[in-house]
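K.L.:
Residue numbers (the working numbering), protein chains in the order written: chain A, 1 to 212; chain B, 1 to 403.
Hints in this document: simulated from the structure, not taken from any laboratory. Be aware that a few hints might be false.
As the list claims (entries may be wrong) - Below, in silico cross-link-like pairs of lysine to any residue (SDA-like), each with a Cα-Cα straight-line distance of 20 angstroms or less:
hint, chain 1, residue 1, chain 2, residue 2
1, A, K184, B, T225
2, A, K182, B, F224
3, A, K141, B, V35
4, B, K236, A, G58
5, A, K184, B, F224
6, A, K141, B, T225
7, A, K184, A, T138
8, A, K40, B, D28
9, A, K184, A, L79
10, B, K236, A, K136
11, A, K184, B, D30
12, A, K180, B, V31
13, A, K184, B, V35
14, A, K184, B, P32
15, A, K136, B, D28
Said to hold, decoys possible - Here are some chain A residues the structure puts well away from chain B; computed CB gaps all over 12 angstroms:
hint, residue
16, V28
17, G48
18, P85
19, F97
20, L98
21, R105
22, Y144
23, G145
24, A158
25, A174
26, K184
27, T188
28, G189
29, T191
30, V192
31, T196
The beta-carbon is built from N, C-alpha and C at its ideal position, and this holds for glycine as well.
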Amino acid sequence: MSRNLSLAALALGLALVGGTALAQQHTVKAGAIRYQTDAKTDGIRGVGIPPGADADIGSATTFLFTYEYAVRPDFGVELVIGVPPKITARGAGTVAFLGEVLSARNVAPTVLFNYHFGAPGDTWRPYLGLGVNYTKFTDVKTPYGWDVEMGDSTGLAAQLGVDYAVNKSWGVFASVARVKVKSKLVATGATVLETTIDFRPTTYSLGVSYRF
Amino acid sequence: MTRLRLQAFALAASAALALLLTACGGSDPDVPGSVGPSGAPTTKGTFTAIVSFGTSPSDVGTYSPATSLAGNGQAPYFGGRFTTNSATGTVWVENLAVALGITITAAEMGFNGTSVPCPAQAINPALAATCTAYAQAGALVTGRNGRGRDPATGAGALTVPVGMQIDNHLARFTTFRSSDLIIVEGGLNDLFNAFEVFGAAAAQIQARAASGAISADEANRQLFTAQTAAQTEMKKAALELAGYVRDKIIARGGRYIAVATIPDPASTPFGRSPQVAPAASVLTALADTFNLWLREGLANQPVQILDLRNFFNETVANPTRYGLANVTVPACDAAKIAVVTGGQVTSGSSLFCNATPGVPYNGLRTGADPTTWFFADDIHPTTRGHQLIYEFANAQLRAFGWI
Numbered sequence: 001m002s003r004n005l006s007l008a009a010l011a012l013g014l015a016l017v018g019g020t021a022l023a024q025q026h027t028v029k030a031g032a033i034r035y036q037t038d039a040k041t042d043g044i045r046g047v048g049i050p051p052g053a054d055a056d057i058g059s060a061t062t063f064l065f066t067y068e069y070a071v072r073p074d075f076g077v078e079l080v081i082g083v084p085p086k087i088t089a090r091g092a093g094t095v096a097f098l099g100e101v102l103s104a105r106n107v108a109p110t111v112l113f114n115y116h117f118g119a120p121g122d123t124w125r126p127y128l129g130l131g132v133n134y135t136k137f138t139d140v141k142t143p144y145g146w147d148v149e150m151g152d153s154t155g156l157a158a159q160l161g162v163d164y165a166v167n168k169s170w171g172v173f174a175s176v177a178r179v180k181v182k183s184k185l186v187a188t189g190a191t192v193l194e195t196t197i198d199f200r201p202t203t204y205s206l207g208v209s210y211r212f
Numbered sequence: 001m002t003r004l005r006l007q008a009f010a011l012a013a014s015a016a017l018a019l020l021l022t023a024c025g026g027s028d029p030d031v032p033g034s035v036g037p038s039g040a041p042t043t044k045g046t047f048t049a050i051v052s053f054g055t056s057p058s059d060v061g062t063y064s065p066a067t068s069l070a071g072n073g074q075a076p077y078f079g080g081r082f083t084t085n086s087a088t089g090t091v092w093v094e095n096l097a098v099a100l101g102i103t104i105t106a107a108e109m110g111f112n113g114t115s116v117p118c119p120a121q122a123i124n125p126a127l128a129a130t131c132t133a134y135a136q137a138g139a140l141v142t143g144r145n146g147r148g149r150d151p152a153t154g155a156g157a158l159t160v161p162v163g164m165q166i167d168n169h170l171a172r173f174t175t176f177r178s179s180d181l182i183i184v185e186g187g188l189n190d191l192f193n194a195f196e197v198f199g200a201a202a203a204q205i206q207a208r209a210a211s212g213a214i215s216a217d218e219a220n221r222q223l224f225t226a227q228t229a230a231q232t233e234m235k236k237a238a239l240e241l242a243g244y245v246r247d248k249i250i251a252r253g254g255r256y257i258a259v260a261t262i263p264d265p266a267s268t269p270f271g272r273s274p275q276v277a278p279a280a281s282v283l284t285a286l287a288d289t290f291n292l293w294l295r296e297g298l299a300n301q302p303v304q305i306l307d308l309r310n311f312f313n314e315t316v317a318n319p320t321r322y323g324l325a326n327v328t329v330p331a332c333d334a335a336k337i338a339v340v341t342g343g344q345v346t347s348g349s350s351l352f353c354n355a356t357p358g359v360p361y362n363g364l365r366t367g368a369d370p371t372t373w374f375f376a377d378d379i380h381p382t383t384r385g386h387q388l389i390y391e392f393a394n395a396q397l398r399a400f401g402w403i
């Protein structure tokens, strides 16, 4: 809750600071985002779990929404949110026979500070962004009856993208981002399983933009 | 103007970032079992009694009447303890009592449904307060019918469960006292029960896999499920035992309370036997599951853990350091015990194993030495084994600051 408030405060603060200086300071984007993980765990540890137990983490595609406020013609702050995608984990290594062991939705707002090359009005404007991602795992489910807790993750996010202006307001965009998402997982049932998952996601986004 | 605005932006952004980071933090979930007991006494006790609850390793002779030489339930007995029995073949709780200058005797003695409470009192009324060795071989945490007790008739071993052992003490003494050194040990019989259920399930699963009725993966899944079921039983037993410690001992005045973890039976002759060895990892898992939940159930409780699990592993792994020549073969001879018991006991149970040299009822394996061999039978320690447990416990009690 306090996170949402702080983000709202940020947006409000920026709006006040920005004031009347620029036209078309606001950009909203919508599109699809591929959340491609290249996850590594530090192994699954727990009483009764054979050595070499691991998990494979799946990838997902979902809808993406962003809002960017242009502080300067070449600099903006962007909030990225998405419909939380469902990520699944399957047993791997010595516990591959377990099949799917877990699914969770990751609520992952990201704030990025973007530098835009070129000038407003250019047809093509590449941009580079650096920021912070916060990921919270919700709706955690397992067919094994465990009580699963996943720690929240706060990590750096970096993106590279390009905007293509169709007209003064509308455009399309594509971006690729790397995000640091790491979560400690504790599954409690008859025993206690522990692992830390480094999701190492790369996201690929594609969509339309509207500037006003 | 632009610069000013940018600075203001940077300020707002960094403040927001700081908020974001503190708000979200990157929280770590709690791990059950990671918080142990705390708040136990750190000062020396003035002990007038050892009050011992548990199972066979702490049993000072409940079933002695089953080993009556005359065969009439009366002394002298050729066995009675689950070790290499002899005039010096005491168990660790007795050794500890001697070291502390305390007398401890069996709370109950008997067999096959008949028993005598506090037998020492019958011999000498002055000994009434010494009958605080409640531990009984075969006793469960989770049920009345322990190992060796006929559920239908109550024949065989008494197996008063650990919770009832504590109730019996409270019935006699109303409360615990700060002069009681309280030892709680239990769970191994629950483990053997759970392991038997697992073993039966595993045999069926493996037969189905061998016949091709189920795939290897499906067999592994079913084995995992069977093991999980056994672990669930251990969790239940451990949390139940921890509950007894909290509700029946701490809440009833107990102050100096040592709760033992259970050893890993994988390192016993039982665990190393050809039939069991393939599932030794399951034995380890069950013991560790119990110990994990015992710790969890005792989190922040004012007790100390007596880590018998580590002691056993350490001892079996380093026999020479502990003056042991053999940590794999039982010192008792099942064939000799069968002869001594007229064929009634074929399991080689050390309850019936006498180690006195030269006596006709001696049950020792030829060449075995209860002062250098660790195991009396497939799970229980010899006289030397009990001496080592005592030494370990004694050192621990010193480390706790209690003695």
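K.L.:
Each of the hints needs a verdict: does it hold here or not?
P.N.:
Against the structure, the hints come out as follows:
About 25 angstroms separates the Cα atoms of K184 of chain A and T225 of chain B, which puts this hinted pair outside 20 angstroms; it is violated. Only pairs whose Cα atoms come within 20 angstroms are accepted, and K182 of chain A paired with F224 of chain B is rejected, the gap being roughly 28 angstroms. With a C-alpha separation of about 26 angstroms, the suggested pairing of K141 of chain A with V35 of chain B is violated against the 20 angstroms cut-off. Distance hint between K236 of chain B and G58 of chain A is unfulfilled; the C-alpha atoms sit about 34 angstroms from each other, more than 20 angstroms.
A threshold of 20 angstroms between alpha carbons decides the hint, and for K184 of chain A with F224 of chain B the separation of about 24 angstroms lies outside it, so the pair is violated. This hinted pair checks out: K141 of chain A and T225 of chain B have alpha carbons roughly 18 angstroms apart, not beyond 20 angstroms. The straight-line distance between the Cα atoms of K184 of chain A and T138 of chain A is roughly 14 angstroms, inside the 20 angstroms bound, and the hint therefore holds. Annotation: proposed proximity of K40 of chain A to D28 of chain B holds, straight-line Cα distance about 18 angstroms (limit 20 angstroms).
Our distance criterion of 20 angstroms between C-alpha atoms is broken by K184 of chain A and L79 of chain A, whose separation comes to about 25 angstroms. With a C-alpha separation of about 32 angstroms, the suggested pairing of K236 of chain B with K136 of chain A is violated against the 20 angstroms cut-off. Only pairs whose Cα atoms come within 20 angstroms are accepted, and K184 of chain A paired with D30 of chain B is accepted, the gap being roughly 10 angstroms. For a cut-off of 20 angstroms, the pair hint linking K180 of chain A to V31 of chain B is broken: about 24 angstroms separates their Cα positions.
Taking the CA atoms of K184 of chain A and V35 of chain B, the gap is about 18 angstroms. The hint holds against a cut of 20 angstroms. Note on K184 of chain A and P32 of chain B: the hinted pairing holds, with a Cα-Cα distance of about 14 angstroms set against a maximum of 20 angstroms. Distance hint between K136 of chain A and D28 of chain B is fulfilled; the C-alpha atoms sit about 12 angstroms from each other, no more than 20 angstroms. With a closest Cβ-Cβ approach of about 19 angstroms to chain B, V28 of chain A is found to remain outside the 12 angstroms limit, as its non-interface label requires.
At the 12 angstroms boundary, the C-beta of G48 of chain A falls inside the reach of chain B, the nearest C-beta of that chain being 3 angstroms off. Here P85 of chain A stays apart from chain B, with its beta-carbon at least about 19 angstroms from theirs, past the 12 angstroms limit. F97 of chain A, annotated as away from the interface, has a beta carbon of chain B within 12 angstroms; the closest lies near 4 angstroms. For L98 of chain A, the non-interface assignment is contradicted: its Cβ lies about 7 angstroms from the closest Cβ of chain B, within the 12 angstroms cut-off.
With a minimum CB-CB distance of about 17 angstroms to chain B, R105 of chain A clears the 12 angstroms threshold, and the non-interface call stands. Consistency note on Y144 of chain A: stated as away from chain B, yet its beta-carbon is not over 12 angstroms from all of that chain's, at 8 angstroms minimum. Not every C-beta of chain B lies more than 12 angstroms from that of G145 of chain A, the closest at about 9 angstroms, which undercuts listing it as non-interface. No Cβ of chain B comes within 12 angstroms of the Cβ of A158 of chain A; the nearest lies about 15 angstroms off, and the non-interface call holds.
Remark: the non-interface label on A174 of chain A is consistent with the geometry, its nearest Cβ contact in chain B lying 25 angstroms away (cut-off 12 angstroms). The beta carbon of K184 of chain A is not kept farther than 12 angstroms from every beta carbon of chain B, the shortest such distance being approximately 5 angstroms. T188 of chain A, annotated as away from the interface, has a beta carbon of chain B within 12 angstroms; the closest lies near 5 angstroms. With a closest Cβ-Cβ approach of about 7 angstroms to chain B, G189 of chain A is found to fall inside the 12 angstroms limit, against its non-interface label.
Not every C-beta of chain B lies more than 12 angstroms from that of T191 of chain A, the closest at about 5 angstroms, which undercuts listing it as non-interface. For V192 of chain A, the condition that its CB be more than 12 angstroms from all CB atoms of chain B is violated, with the nearest at approximately 5 angstroms. A Cβ of chain B approaches the Cβ of T196 of chain A within 12 angstroms, the least distance being about 9 angstroms, so the stated non-interface status is violated.
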